[in-house]
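Number of protein chains: 2
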Amino acid sequence: MEEDFETQSSSQQLEAINEALSSGMYVHVRKMLHHMPAADVAFLLESSPSKTRAVLWQLIDPDFHGDVLEELSEDVRNGIIRQMMPEKLAGALEDMDTDDLAELLRGLPDTIFQEVLKSMDEQDRQRAEQALSFGEDTAGFIMNTDTITLRPEVTIDVILRYLRLKGDLPKDTDAFYVVNRHDKLIGIVPLTRLLTATSDMTIEELMNEEPETIPADMPEGEVAKLFERYNWVSAPVVDEDNHLLGRITIDDVVDIIREEAEHSMMSMVGLDDEEDTFAPVLKSTQRRSIWLGVNLVTALMAAMVSDLFEATLSQLAVLAILNTIVPSMGGVAGNQTLTLVIRGMALGHVGTSNARWLINKELAIGALNGVIWAVLIAGVIALWKQDLVLGGIIAFAMMCNMFAAGLAGATLPLIMKKMNIDPALAGSVILTTITDVVGIFAFLGTATLLLM
Amino acid sequence: MEEDFETQSSSQQLEAINEALSSGMYVHVRKMLHHMPAADVAFLLESSPSKTRAVLWQLIDPDFHGDVLEELSEDVRNGIIRQMMPEKLAGALEDMDTDDLAELLRGLPDTIFQEVLKSMDEQDRQRAEQALSFGEDTAGFIMNTDTITLRPEVTIDVILRYLRLKGDLPKDTDAFYVVNRHDKLIGIVPLTRLLTATSDMTIEELMNEEPETIPADMPEGEVAKLFERYNWVSAPVVDEDNHLLGRITIDDVVDIIREEAEHSMMSMVGLDDEEDTFAPVLKSTQRRSIWLGVNLVTALMAAMVSDLFEATLSQLAVLAILNTIVPSMGGVAGNQTLTLVIRGMALGHVGTSNARWLINKELAIGALNGVIWAVLIAGVIALWKQDLVLGGIIAFAMMCNMFAAGLAGATLPLIMKKMNIDPALAGSVILTTITDVVGIFAFLGTATLLLM
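Protein chains in written order, with the UniProt record's numbering: chain Z, 1 to 452; chain R, 1 to 452.
Just so you know, these hints were derived from the structure itself, not from any lab.
Hints may be right or wrong, so weigh each one.
Which copy is meant is left open, because identical chains are indistinguishable; a pair holds if it fits in one copy or across any two.
Derived SDA-like pairs (lysine to any residue); straight-line CA-CA distance at most 25 Å [unchecked claim]:
no., residue 1, residue 2
1, Lys184, Asn242
2, Lys166, Leu195
3, Lys418, Met345
4, Lys184, Tyr230
5, Lys31, Ser353
6, Lys51, Gln83
7, Lys166, Thr155
8, Lys171, Glu222
9, Lys385, Thr448
10, Lys171, Asp251
11, Lys283, Glu260
Starting from the given sequences, assemble the full structure and let the hints guide the process.
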């Protein structure tokens, strides 16, 4: 039965385990979990409601807890470790990669953090403290310390004998680092070079003498961009004096790339990118309420603009009916521009050298959009309400608002970045406020001037 | 001067080149481009308006064109290759990785495609035709054919001599594949194992006999999930009879992960994930117009719902003023749920086994949100408009709409996926239509019943 289980796809495994859980076959579930790779167990936990998660966690072999913790996303992991006893947690953290260890410790409440640190062995504690001494989300924080270093004068023959003696190499080792007697990085030898070299050559003859390095204080987003652009599998991390500190591997970078890309999408509706799909109701409601609160304020602002034209609205109900069309179109057009500019900024394509060009382009699109949709909506309204003047009024408002949408969509993210505000988080709500206010003002204002 | 240039950051390089271009120093720009890695030149092209791009392309050494094309995103690349002569293009394609070659050819108009294929040498043509024979966005399409295969009976000693003779190994080689005489994959030897083995061992003794393989017809999104979950650097691709066809490397997977994550964000405002930030105005306007057209229809639908209550609106202008608040709040709450569920589905966390739980959770959040924001808005309106009944009406409408938002946000993506519609593309617009209609109907309907 277990062999069958191993060949199943993740979603089939998920269903099989859920079925076994709901019929109370805990021993069976324990067996199934025992046969799954840590990454699959982590996936199962991430796909389960929080109550099921707690049950599953109890059924996982404690020796295996550390491996599973390493694979979990931040939000889910923090939920689990807050319920573990500090000593058990410290046990699970043994042999964990430095970067995962640091990230995990960072998520702990202060009191537990101190207890766990005390329960750890000396070597692990030192590794953790070093990583934590670097700023959060910097290269120093996400690096691992499991590098293999060589001296330049050694021959390939000696190296190969040393490696055979050593046995296993650290995961994702694709290069050895060459350091001088002061631990300064002076070169890199790719594994593939070592294999194709003759045995009497020295490391110095083989090594690449101008290795690409990552400064320990580089933000992780920059690190990810370098890996992505130059297709690296691993890269050495150095301090300001070029001392080798550790290395960053592609598997950690993949996580950063996914997080960064998700961050923009989630932020635009006011969610955290680590948001747990299966968090409890109260926690989720609380997290989402800030964004809804902000939106309530902006919706009230839009209502207040309409309120200025109460006299007009009370005489012409048709204006009330059409009042939402122009703001809605402006919001969509503006959000298109905003999304494109935010992505361009995230990829590094948009900067000071081409910002002016981009703003001009988006203004041109805004103007063109304005003309196109003004003509269309004028036609629709003239036909629907049999009123040419009304069609003209809504067309004029549409043009104003489309232009405003292009301007706001292109400039807002650039301005916000200068002010160190995350454009993905607040850009959309500010933009919608602008297009709402401009749209209502242009429509009801023109109508008041012409029809009253 | 060139040496200074090499140590500058990308954005500084960008500015230096733009300055040199605008002052007409073309020879200088040509020199600068000559000293940049292909990835940096590609980045420069992606960050430039289309006119500048054409000028830059002329200044790049033609021997270098293929390398740069490999690094460009689809939209930008297609713009460039459509303006190249077929023979020149065929020349640039020599030595390109199979996967990039196939992707590039796919982007060509049919007539040029045939011409380019004719101008290619026999070996390249065969590689390209094989890749194109697999479905677009499958493992077979994105794999490379540059694998190194070994036979099980050979000793390490022989292998090492062979590798020394061969010299260079393909990029990102982290494992050798072991095949039997029928070219069937029977094992994998990680490079690191080869280094730590003694020279008289055979490949058979060293190899991992149950290698993880990727079927050639697996969709690229699934491939990316496997790489991400199991932290692979490369993996072999096989056909249904386990014949080795090629391998997929992490650098291509990183591109897929970024594209998939961006796809959801861009789709939610109706943009293509390959959308070029610096595309010409007309092209951009055209691409965005479909989404604006859809939105116009839904905005008109909302207006028509208001139109049903024209008699009420003409008597109570205050309703017109407050009419946008409830739909706006429902839209935000619904989009939060929608975004979370779409991301959960993209990560594979949300499936049939937990869909019901998730819907119940989102309904509970919707109900809770409804109560919270109903109380708040009732208070605000009662104070602002000095009208308790009005406050009660808007509170009731808010509760209905928040519940509808939770229901629609959780169920829409699941229903759409069953119907094979991309939820990221159309989910948001359908959701907003629902929350607009429910919000307006609940608010104006209740007001008509109670106040008229």
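Hint-by-hint comparison with the structure:
1. Taking identical chains as interchangeable, the C-alpha atoms of Lys184 and Asn242 lie at most 25 Å apart only when both belong to the same chain, with a minimum of 5 Å there against 47 Å between chains.
2. Taking the shortest alpha-carbon separations for Lys166 and Leu195, both the intra-copy value of 17 Å and the inter-copy value of 10 Å come in at or below 25 Å.
3. Taking CA atoms no more than 25 Å apart as the test, Lys418 paired with Met345 passes inside one copy only; the shortest distance there is 12 Å, against 35 Å between copies.
4. In the homo-oligomer, the alpha carbons of Lys184 and Tyr230 lie at most 25 Å apart inside one protomer (23 Å), although the nearest pairing across protomers, at 33 Å, exceeds that limit.
5. For a Cα distance limit of 25 Å, the shortest separation of Lys31 from Ser353 across copies, 20 Å, qualifies, whereas the shortest one inside one copy, 60 Å, does not.
6. Taking identical chains as interchangeable, the C-alpha atoms of Lys51 and Gln83 lie at most 25 Å apart only when both belong to the same chain, with a minimum of 12 Å there against 59 Å between chains.
7. Proximity of Lys166 and Thr155 under a CA criterion of 25 Å is satisfied in both settings, with 17 Å inside one chain copy and 20 Å between copies.
8. Proximity of Lys171 to Glu222 under the C-alpha cut-off of 25 Å is found in both arrangements, the shortest distances being 23 Å within a copy and 23 Å between copies.
9. For the identical chains of this complex, Lys385 and Thr448 are neighbours both inside a copy (18 Å) and across copies (23 Å), given an alpha-carbon limit of 25 Å.
10. Taking identical chains as interchangeable, the C-alpha atoms of Lys171 and Asp251 lie at most 25 Å apart whether they share a chain (10 Å) or sit on different chains (17 Å).
11. Taking the shortest Cα distances, Lys283 and Glu260 sit within 25 Å of each other inside one copy (23 Å), while across copies they are farther apart (28 Å).
In this structure, every one of the numbered hints holds.
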